[in-house]
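Mind docking chain B on chain A? Use the hints.
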Amino acid sequence: MTRAAAAWRFGLAVALALIGSVAQAQDAAPPEEDPEAAAPSAPSWEWIQVLASPRIGQRLTAIAVHPSRPEEVWVGSQAGIVLRSRDGGTTWTELEPDALTATARTTPVPEANGSCRECGDDVVFLQRIPYRGPPYSVPAVNPVDIRPWFDAFEPTTSIFGTPRLQDPVPRRTLLAQAVETRDVEPVSRVTVCPTNYFPLIVATENEVLGSNDGGYTWVRLLRFPGDVETPQVACDPTTPDHLVIATDAGLWESDDGGITLSPDLSGWPRHSAAAVQFTADGTLFIGSEEELFVRRGRHDEPERVYPVFESSETIPWEHIDWIEPDGDEVWLATRDGLRRSVEGGRRFTQVAPNLLARQAIGQVIRGESETGTPRIAAIVRDCPSGADTPNEPGCRATHVLSTDDGGDTWHPFFSGITRRSIQQMAYAGGRWFVLTGGELWVTARAEPGAMDQRTVDWARRRLSVTPPMRAVVEAALDRVDLNRGQIDSMLERAAARSWLPDQVSLNFEYDAVERDARAADAPPAGPSAGLLQDTRTQRATSQWSLFVYVRWNLDDAGGWDPAQLERARSHLYEIRRRIGFLIEDAWHERRLHLRRLARAFADPYQAEVLRERITMLEALMEFWLDGELDALAPAVMTRRR
Amino acid sequence: MTTTQTRTLTTLALTALLAASASVASAQAREQVQQARRAFAHEPEVAETAREALQYFRVHPEALDGLRSSARARALLPVIAGGYQYGQTRDQLFYDQQITSPQTRDQNAAGTTHSVTAGALWDLRQLGFNPAEVEVYGLVSVQRDLMLEITRTYFLRRQLQLRLALRPPEDPLAYAALELRVNEFTAILDVLTGGWFSETAEERRRTSPRTD
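First to last, the protein sequences are chains A and B.
For the first sequence, this note's numbering begins at 1 and goes up steadily by one.
For the second sequence, this note's numbering begins at 1 and goes up steadily by one.
Where hints are given, some of them may not hold.
Claimed, not checked - Distance windows between CB atoms, simulated: (1) D478/A <-> Y56/B: 18 to 28 Å; (2) R37/B <-> D248/A: 52 to 62 Å; (3) Y56/B <-> L463/A: 27 to 37 Å.
What the hints assert, rightly or not - If we take Cβ atoms under 10 Å as the criterion, some of the chain A residues that face chain B in the derived model are: (4) L95; (5) L174; (6) V480; (7) N483; (8) S505; (9) R515; (10) A519; (11) D521; (12) Y549; (13) E584; (14) E622; (15) D626.
Stated by the list, open to error - Just a sample of chain A residues kept apart from chain B, beta carbon distances all over 12 Å, derived: (16) H66; (17) T260; (18) E318; (19) D328; (20) I417; (21) S421; (22) S464; (23) P467; (24) S498; (25) R536; (26) Q543; (27) L565; (28) H571; (29) W624; (30) D630.
To be clear, the hints were calculated from the coordinates, so they are not data collected in a lab.
Every residue gets a Cβ at the ideal spot worked out from N, C-alpha and C, and that includes glycine.
The following block holds chain A by itself, in its conformation from the complex (with noise of 0.2 Å):
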């Protein structure tokens, strides 16, 4: 053989080689995009969900981001929890900031029961906690009497007295404590500070709570009494452990990264702090309901840049929920659309007032786009006419749009599919983070060849034969007897107790009765006539009697009013609901993962521990169903398995 035939035979074997790794490759890749959407202004991102909440009480609020380390997510939730992330969303961890072992940054009012041990200064607050009782309170029901027992036999009254098998008093039963919620308090506002004494700050409604080693313990920093807002917290990127917070109870502002906080005593802002946001070189801008106020230097005073009233150019706007600076650049979402300025503050000019006039803007924030081009991205409520506030019910942020040159265009730029409300949005390292009320959605691109195509192919597999998540809620209900039936024969049963005899009794007495006298008579005339008459009796007598009562009790006596059945009632379906959401949150969690492997959106760590989650999940669900999931998929599916 040649040289040049050896030559030509290799490189035919590499070409064939090269072909078959980039079929596989292909195989693993998702579908191609729209050309179209491909447009170099228009966003292509892939959306991928990362996180599902659970549908009761896990309402998502809040989102931050580790501006150096993208990876470290974290976000807050309507009962209180935060969770934290270390991989990107692959996996989640629930912590809770619960300041237990905090010392009251505020000073401690004592307590008529003086739990405030020692009211000087930096003392340690102990909160009283109410006492709430037993958990279950004895029922004052004793179904013997035991005295009839020795009185004469009555078949009027029953010898048990009145058994009372359900306490009319409403007590905390077994059902009623498996109902009942916990007092919670809702995050409203995440934040990530590296350089702060507390890296990892939370604000709930009434209070600011900081955690340095990462969220297993937190500090109480800041707490009003009453329902005081804190919307925002910002950390000084120039002054390590400079940080302010928002409220509305005015502006706060720590140099020792929240160990004290002190109002700020400059006058202003006359109202609530709404917005607050630090530009790089440390300039501190401050939205004040319609007013903005700018500060240059850590100890200048605030200086309004808006409203000015000597030009007619900027209209007036309404409250302003946040504040994007960079550099000159500055954007602020109000309620009244978007507003921009290119100097410093000054000269706001509306944005897109064809499209975002009279829009309530949620947030505004600025990012990269596919091509590492600055991108805006904005949330837009849509809020009926006549609300107030984006808070108000009905007022629901439904998309967010982006624009890459200063405003001019604007293209729909989250496309996850969701029928939760967008509550915030974060952008790091090269990544758009989404969160809505239930989900957590990030910017992603699928690597070709990075999954291993047996587990893209189980995936769609297990897709494929995923059974209708209805078939398996109403299984699961079926197998813990909670369906609307069962509930309701149970409650009609409960009704119709009452015909039945609520005391039939079987009474049995017996009396031996042993008497012996004797009598000594003398009678004074007669033949015996002084002669004592000794007699003597003895006479034993014994009866017994069997007596059956039974009694009809028509007047709910069993407890069981219509106010009980109802109760009952709500208490079944609260439970009926918690399953049944149980069930969907599993289902749909199952089904997003086994998307995502289906499309070859990870790695070999996140596949596996993807695959362990579905695991998991299935396992959840087959417990309540008692049997295979594959089992409720109809026939075609399982075939095609």
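The following block gives chain B in isolation, referenced to the frame of chain A:
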């Protein structure tokens, strides 16, 4: 062979080498995954762990079914009460009349009474419906919480194991901390199953043939 042909062949050969090294890396990753799976093969699965925990806490579905049915069957059992009464009577009479027709009467009488009573009471409404049937549904929430706790702990533990196997931290302290967390979750699973989890894993490890 021309220079162009030689360049083309060199490019192809280099690409092939890159592709080969990529496929080697992919094969290594696959092997790592397989190795990790083999390491957990002897451990009880999440479904059986959950079942065991529910058994341990006596809230498995059969227990709940039993409680519900026995709540109705309980109506057949009556409330039983019994009593005994002992009574003693004594009657003494001395009568002495001296004037018109003198007479004397001395009378003693004593009596003893024994009374025994027994009774049984049924509430037949419970045959139709017993309020305890509804109360048993409260345990469904306990069941749900326990299931969630077990599956959560099991998954957290497994994800840390995968982290150790597939993406171990380089810092020895972080590695040791991860191992400690795995032990912590193992202990929680043991607490929830009465020690069954570790015992079963150990037993299966001893009895199963070595696969690694």
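Tested hints:
1. One distance hint, 18 to 28 Å for the beta-carbon pair D478/A and Y56/B, holds here, with the actual separation near 26 Å.
2. For R37/B paired with D248/A, a C-beta distance near 54 Å keeps the hint of 52 to 62 Å intact.
3. A hinted range of 27 to 37 Å holds for the C-beta pair Y56/B and L463/A, which are about 35 Å apart.
4. Taken as an interface hint, L95/A does not check out: its beta carbon lies about 13 Å from the nearest beta carbon of chain B, beyond 10 Å.
5. A least Cβ separation of about 4 Å between L174/A and chain B falls short of the 10 Å threshold, and the interface hint therefore holds.
6. With a least beta-carbon distance of about 5 Å to chain B, the hint placing V480/A at the interface is held under the 10 Å criterion.
7. For N483/A, the interface hint is violated, since its Cβ never comes within 10 Å of a Cβ in chain B; the closest pair sits about 13 Å apart.
8. Contact between S505/A and chain B, as hinted, is supported at the beta carbon level, the nearest pair being about 4 Å apart and thus within 10 Å.
9. Nearest Cβ of chain B to the Cβ of R515/A: about 4 Å, under the 10 Å cut. The hint holds.
10. The restraint placing A519/A at the interface with chain B holds, with a minimum CB-CB distance near 4 Å, inside the 10 Å limit.
11. The interface hint given for D521/A is met, as the beta carbon of that residue sits about 5 Å from the closest beta carbon of chain B, less than 10 Å.
12. With a cut of 10 Å, the hint placing Y549/A at the interface with chain B holds, because the nearest CB-to-CB distance is about 9 Å.
13. Here the hint on E584/A is broken, as its CB sits about 13 Å from the closest CB of chain B, past 10 Å.
14. Interface hint status for E622/A: upheld, as the beta-carbon distance to the closest one in chain B is roughly 6 Å, under 10 Å.
15. Satisfaction of the interface hint for D626/A is found here, the shortest Cβ-Cβ separation to chain B being roughly 7 Å, below the 10 Å cut-off.
16. Distance check on H66/A: its Cβ is at least 17 Å (rounded) from any Cβ of chain B, clearing the 12 Å threshold; non-interface status holds.
17. Listed as outside the interface, T260/A is consistent with that label: its C-beta sits roughly 32 Å from the nearest C-beta of chain B, beyond the 12 Å cut-off.
18. Once the 12 Å rule is applied to beta carbons, E318/A is consistent with being away from chain B; the minimum gap is 43 Å.
19. The beta carbon of D328/A sits about 42 Å from the closest Cβ of chain B, which is more than 12 Å, so the claim that it is off the interface holds.
20. The beta carbon of I417/A sits about 26 Å from the closest Cβ of chain B, which is more than 12 Å, so the claim that it is off the interface holds.
21. Remark: the non-interface label on S421/A is consistent with the geometry, its nearest Cβ contact in chain B lying 26 Å away (cut-off 12 Å).
22. The Cβ of S464/A lies farther than 12 Å from every Cβ of chain B, with a closest approach of about 22 Å, so its non-interface assignment holds.
23. Listed as a non-interface residue, P467/A keeps its Cβ farther than 12 Å from every Cβ of chain B; the least gap is roughly 17 Å.
24. Once the 12 Å rule is applied to beta carbons, S498/A is inconsistent with being away from chain B; the minimum gap is 7 Å.
25. Some Cβ of chain B comes within 12 Å of the Cβ of R536/A; the nearest lies about 9 Å off, and the non-interface call is violated.
26. For Q543/A, the condition that its CB be more than 12 Å from all CB atoms of chain B is violated, with the nearest at approximately 10 Å.
27. For L565/A, the non-interface assignment is contradicted: its Cβ lies about 10 Å from the closest Cβ of chain B, within the 12 Å cut-off.
28. Remark: the non-interface label on H571/A conflicts with the geometry, its nearest Cβ contact in chain B lying 8 Å away (cut-off 12 Å).
29. W624/A, annotated as away from the interface, has a beta carbon of chain B within 12 Å; the closest lies near 8 Å.
30. No beta-carbon of chain B is positioned within 12 Å of the beta-carbon of D630/A; the least distance is around 14 Å.
Of the numbered hints listed earlier, those contradicted by the structure are 4, 7, 13, 24, 25, 26, 27, 28, 29.
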